[in-house]
Amino acid sequence: MSLNNENEYKGRLIAAVKKEVKQVMEESVTRKFVHEESGSVTSLCAAVEACLSQGLRRRALGLFKTSSTTALLHKIAKHSREAAIISKKVQEIENSDPNRRSSSSSESLTKPTLKKNHSLPSTPLPKYLWIRLALFEKQLAKIIDYLVSNANKYYDKDALVADPDYGSILSSLLVGPCALDYSRTKTPDHFWTDPPADELVQRHRISSSHSTPPPVRRPILNFRRSLNASSEDSITNRTTTQHLAKDYVESLHQNSRATLLFGKNNVLVLPVNADVSQPMPGYLSLHQTASGLTIKWTPNQLMNGFTDEVQDKSVFWDYALQVRLDEIVYVHCHQDSETGGTVILVGQDGVQRPPIHFPKGGHMLAFLSCIETGLLPRGRLDPPLWSQRCSNKRRRPLPALSETEETTKDYVFRIADNTTHKDILKQNELMDTHIALPPKSRVQLPSTSTSSESSTKSFSIDQNAPDSPPSICIQAVCDSMKRQIISRAFYGWLAYCRHLSTVRTHLSGLVNSKIVNGEGASDGITVEKWNELCTDGVVTDHAELYRLTYFGGIAHDLRKDLWPYLLGHYKFGSTTQQRMELSEETKQAYENTMSEWLAVEAIVRQRDKETQANAIAKLSSESMSGEQVPAQIQRDLSNEVFEDNISDEDSGPNVEEEDKPERTRQNTIKYDSDPEQDEKEERYQQQQLKDFIHNVIVTNASVDMGNLGSEIEANGHRNDLDVVAEENSSLDTCIETHGLASPAMSTCVSPASSNGGVYSQELLETFGLNLHRIEKDVQRCDRNYWYFTVENLDKLRNVMCTYVWEHLDIGYMQGMCDLVAPLLVIFNDESLTYACFCHLMERMVENFPNGNAMDCHFANMRSLIQILDSEMYELMHSHGDYTHFYFCYRWFLLDFKRELVYPDVYATWEVIWAAQHVASSHFVLFLALALLETYRDIILSNCMDFTDIIKFFNEMAERHNAAAVLSLARDLVLQLQLLIENK
Amino acid sequence: MGSRVNMRPTSKNTLLKVVILGDGGVGKSCLMNRFVSNQFDEHSFHTIGVEFLNKDIEIDGETYTLQIWDTAGQERFKTLRTPFYRGSDICMLTYAIDDKHSFRNLQMWKNEFLYYADVKENVQFPFIVIGNKSDVEANEREVSQVEMETWCNENAISACIETSAKNASNVQEAFATAVQHWLRLENRADKNECLYTDTVDLTKKQSENRTSCCINASDE
Ligand SMILES: Nc1nc2c(ncn2[C@@H]2O[C@H](COP(=O)(O)OP(=O)(O)OP(=O)(O)O)[C@@H](O)[C@H]2O)c(=O)[nH]1
Ligand SMILES: [Mg+2]
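Listed in order, the protein sequences are those of chains A and B.
In case it helps, the UniProt record's numbering puts the first sequence at residues 1 to 983.
In case it helps, the UniProt record's numbering puts the second sequence at residues 1 to 220.
These are calculated hints, taken from the structure and not from any lab test.
The beta carbon of each residue, even a glycine, is placed where N, CA and C say it ideally should be.
Be a bit skeptical, because a hint or two may be false.
[Claimed, not checked] Computed beta-carbon distance windows for the label pairs:
1. A:762 - B:108: 45 to 55 Å
2. B:38 - A:790: 23 to 33 Å
3. B:135 - A:576: 52 to 62 Å
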């Protein structure tokens, strides 16, 4: 074999390993662990085996068996501890199963002779056995390391393992996979289906019953720093040049320990120790691990694969750059219009790292932005890169960095640490007094401006900073350094104080400062209490009413009377008489509004029929190949909704379709003004009865618009469609004539025009669209709850439509029905429900997509968890996107309505309403927190990621112990109140 | 001798992220539930936020795990659902055959997906168009198969199918087709795979046969 071929082959072998490594690493990212039986593990083992077999000196070593690498393992076991471990395991497995070698079945491997034994795949390729084991035991890289270092003993001179480049690359490639956790716990058909929430909760109950206290009682106001606990994993610690190759591998992948936050190629750096004079291009990446952020830069020469040239690359490993961000204090940014900008990192030691030159295209800003995000929550850029306005959702970068009008603009950011002094939180009153003292700490210390080419604008507040002559004596340097050290400590501390103070100020807005005592309130409002509170029909002591409700809820039968108070519909101090008048007014107004939109609905309904007829007619005409369509389907109405307004004769694409002639007939019948009687009946039965009532309304509308409301009321069965259809014969005739007449009518006068053009086209369309949505969602609202019969669903629909009609600018949004439903169940009265719903929506509307309450909720959740449960926060943060809190979305949107069963919804809602007057107007936050805390141990012990937690809470819906959650939420409010009160 | 080295990993447990998009009420959640648990609940809730379920599916002897994401259909909830588009492997564009409007909105859904999923311009993404509620009476139908296929042709989508979550017709097939479609594109992409460049240039032209379910399909 020629040298070239040989090399090419080795390159291919390595490339194959790389590919499989990549596969495995990607798998670990998407799935949190890799299954031992995963195909990619097998492939990886195969690829490794191929590398290890190549150039093996079998003869010299006396290795003639088929699986010679296994023999090799046993051989080196004498010298390598890692190999010895694996060798022993392999032998144990082989001994434990005498059939092992002859049978390809590994069923018997499930015998738990060794802890890991039964982990073996059910259909393994036996020759990879040791490689698999070594991988699962995380020893593979070390074993190969050993082989590489001692290659001359076992391998031919030109073997891959003996190759100075390929050998070390091989072992370094495997470091990543060796750091992963492999799982074998799942049966093949459940490979990636995570255990259902039920099971998790069950498991937790069992395991925690004897060891840990119930999560509810767990103190969550802990300020422990969990950051240092387990952060120093092996991967992040390897910083020596010897391991650069390994880092290279990591740079390529986002693996289980490190998240790739930023990656950009062709970033120019002039390596410090390079004998080149020009900055060279390379791949810049930003990684996040448990212990912090790392910036890496890898020369392109190392990025371009291994197959192209034979050049010695070891020198490039020396050029590669790796900077841990926690060693960096300042980030200098130089911008000029020529290039994409330069970033210089300055370390704690004052030494600057090689300048990083970005290509054009906003990459520097992107990079800084990634750093800023990555620093959270433990650190931040100071001043912040993004000036954030709380109310305004838009984030704008500092003007200096966005787009540069000036040719040159420099900026210095300090990397501020938020956590350093976390443990001294309790002293923070003391700190508060200091906070006002210094100006904004856009601090820049003198020494850092030594960066040669920097024209940095100094933000120094150290007025003594000498722009002194070069002839500085040693003493001055020492002084300067001392000052630096002191001031750095001071500013670090200062930044921390500011942070704490911000958090405190921020969180103090979430709870009421006055702590209300819950004594004697745990029974809530009972009938007896209510009789005390409501003397002669007048409720005066609203504070007590709120207090009792907050701490103990309301007896179910009283809700109908009390909720209107809580929601603000009834005024405290009002008399029975006043409230009756109010109810009458409300009812009148409601009915008036209803008559308005009912008329519009009739028109919309009519238009719908037309357009539907069009659509169907079009389909039929396609299928009928131009057969005559009933003349009644004339589009002389307002059917411009759809653009495919082709006439019947103008037959569309005549493509044949297996269409039955019956259909054509049905269509004909449907729009025929003189249908056969039986066909008509059948159709009526199929139709939603609503259609009838709409036709009735068309009648009414054309007869007497003004009296509609009272007429409907007089009818008394407006909502009871069944009754209308079955009993009211006079209506029935109406329906008959008008149901049939409507197409005919449409040929002469459209309902729209019959109403004198009162309604604009736009209004009709907007309302029509809303109507359809409402209908679709009402049909799907709480259908499994006894209350929602067809009849009551129609009440729901009416309330919803009335609200939307009155608030067309807001419009219907999914979720509103869910908010109406419990009110309707309690009141069983449309107008009262409507009035209370309007009050409820004053707060809730902000949660819907147009408002910005949801963002605030998420931000507040973030702060609360950060302060109240740092361990949880760490977990969430380590899973990246998690902190978006999307899994809370439904909770906040519907005030937990979908999370709880109906009785619990009532109990929860009234507490939320009362809470603002007693403890917190953001009580929902504490409920959310309580829910999280209730399951915190499950979440933490299962190391749930973003998707897990969404799934978990979706599955836990309606299974929570509401009483416990409510009481925990109240506790949390109190804890925060105490914390802020700081006594 | 390099043949074994270059073998493809057996991907019997590949995880595929599937998002189901379409107007509210077209039956996305019902489709997902029919597929995952073979159940149909006429009165299921409309979706708030996002939900997902996992389900294994076997194609050509290999098992794939589908992680199916179901989102709310109302346009206004865009900011909530779009973050979940990223990293999708398959996108199901769903409408109801008795709702022309939902069909018209397919374009919007496709655009929204492409925009937020960050799919590269010239990359063929495995879309599948689903016309749900095929069980409805013929006289309720507002969108014909031909219209669906025409739209797919115009949008260079080669997989489409009519389903019914209610009577289970074609539901398994729809998901299977989607995975097969993904596989074909994936295989094609693989040939062009290049390990260390971050831009993978895929063949821009689509050339393979369309899925069998499009009976009247013409060639692209
Ligand atoms: N006839 C028929 N009805 C269906 C079918 N699939 C769903 N439905 C009905 O259509 C309605 C809406 O179904 P969903 O699955 O909730 O719709 P969705 O697309 O998830 O809607 P959103 O969650 O609002 O986005 C339900 O009431 C179902 O009963 C079907 O195949 N045939
Ligand atoms: Mg849904």
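Outcome of the hint check:
1. A:762 - B:108: 45 to 55 Å: Taking Cβ atoms as reference, residue 762 of chain A and residue 108 of chain B lie about 20 Å apart, which means the hint is violated.
2. B:38 - A:790: 23 to 33 Å: holds (28 Å)
3. B:135 - A:576: 52 to 62 Å: holds (55 Å)
When the structure is compared with the earlier hints, a violation turns up for hint 1 alone.
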